[in-house]
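Enquirer: Chain by chain, the residues:
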Amino acid sequence: MKKNYHLYLGKAGHLTVMSEFLTRGWNVAIPEVDIGDDIFVVQDDSGTLRRVQVKTSTSIAGQKSYKGQFNVPISQLRNNSNVPVHYVFIVRHNNSWNVPLIIRQDYLLDLWENNKIGSVNRGQLNLHFTYAVEKVKCSKIDLSKYIADFSDFPIIDE
Amino acid sequence: MEAIKINVNKQIDGYNFSIAPSLRQLLKSWFPDAHPANNIFVAYDTKSDFELYYGKLESYIYPALLGLDSKNDLHKKIDEILFIDSHTGNVMHKYKLTA
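So the protein sequences, as listed, match chains Z and C.
Heads up, the first sequence is in numbering that gives the first Met the number 0, so the first residue is 0 and it goes up one at a time.
Heads up, the second sequence is in numbering that gives the first Met the number 0, so the first residue is 0 and it goes up one at a time.
Think of the hints as simulated: they come from the structure by calculation, not from any bench.
Only a predicted model underlies this, so the values are computations on that prediction, with no experimental measurement involved.
Where is the CB? At the ideal position from N, CA and C, for every residue including glycine.
Be aware that one or more of the hints could be misleading.
Unchecked claim - Listed next, with one range per pair, are the computed distances between beta-carbon atoms:
id, chain 1, residue 1, chain 2, residue 2, range
1, Z, Lys63, C, Ala63, 45 to 53 Å
2, C, Glu79, Z, Tyr4, 27 to 35 Å
3, C, Tyr53, Z, Ser58, 52 to 60 Å
4, C, Ser28, Z, Asp151, 37 to 45 Å
5, C, Thr45, Z, Gly35, 25 to 33 Å
6, Z, Met0, C, Ile77, 33 to 41 Å
7, Z, Ser58, C, Tyr52, 55 to 63 Å
8, Z, Lys2, C, Glu79, 32 to 40 Å
9, C, Lys76, Z, Ile146, 55 to 63 Å
10, Z, Ala131, C, Tyr52, 28 to 36 Å
Full structure from sequences and hints, please.
Expert: Rendered as structure tokens:
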């Protein structure tokens, strides 16, 4: 595999997610200075801004499922500002991107603090998602309701 | 002693008060008419102006954040509300509930 392939995969994931938001009628921008947010997603007419962090992974194949591994900095997760971050997790599996899992920061923090999702190592929350047909689990917690959960990004068609 | 936790994040321009989604759900189960908010942002200058005339902001923030009216029975469920610094985990302020 190409050296620094993860950087290529990460950027490809960003662009894939940006494309999805554009398709839904939301404008997108990449901050000129990297301060932790990957994408700004904006509703043009109202100026509503959402911050999006894209997390990409290659897949680890199982018999009837596959896994994706992600890291989220704890400090970022705890920094709950008035504009929460939406985490978009996507996995490159069988030469295509899977359907994204979209979890808002306060929900992910709650899942970690109260449901003990993932494990912490060196200030990073390590998440191992197991994907089966229309199901996603992490630390035995069912996360299927977050599959393609674009409820904070409704389609804008006018 | 039962307590609930309100997260306080000190931002560059003010305080952001928030509660966990699981607490929102719990409040809705206790008080079906409650409308808990995700977060309330208060700029530093607004906070200091407010506190000059009315006293500690936290006493006014929690009913709005928890979405409860003034005649709520929260004191029957919990004893106190803790305002926690979300970065350090330290208790910044305690509010005791009385009947």
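Enquirer: Determine for every hint whether it applies to the structure shown.
Expert: Hints and how they fare:
no. : hint                           : result
1   : Z/Lys63 x C/Ala63: 45 to 53 Å  : holds, 48 Å
2   : C/Glu79 x Z/Tyr4: 27 to 35 Å   : violated, 52 Å
3   : C/Tyr53 x Z/Ser58: 52 to 60 Å  : holds, 56 Å
4   : C/Ser28 x Z/Asp151: 37 to 45 Å : violated, 23 Å
5   : C/Thr45 x Z/Gly35: 25 to 33 Å  : holds, 26 Å
6   : Z/Met0 x C/Ile77: 33 to 41 Å   : violated, 54 Å
7   : Z/Ser58 x C/Tyr52: 55 to 63 Å  : holds, 59 Å
8   : Z/Lys2 x C/Glu79: 32 to 40 Å   : violated, 55 Å
9   : C/Lys76 x Z/Ile146: 55 to 63 Å : violated, 34 Å
10  : Z/Ala131 x C/Tyr52: 28 to 36 Å : violated, 58 Å
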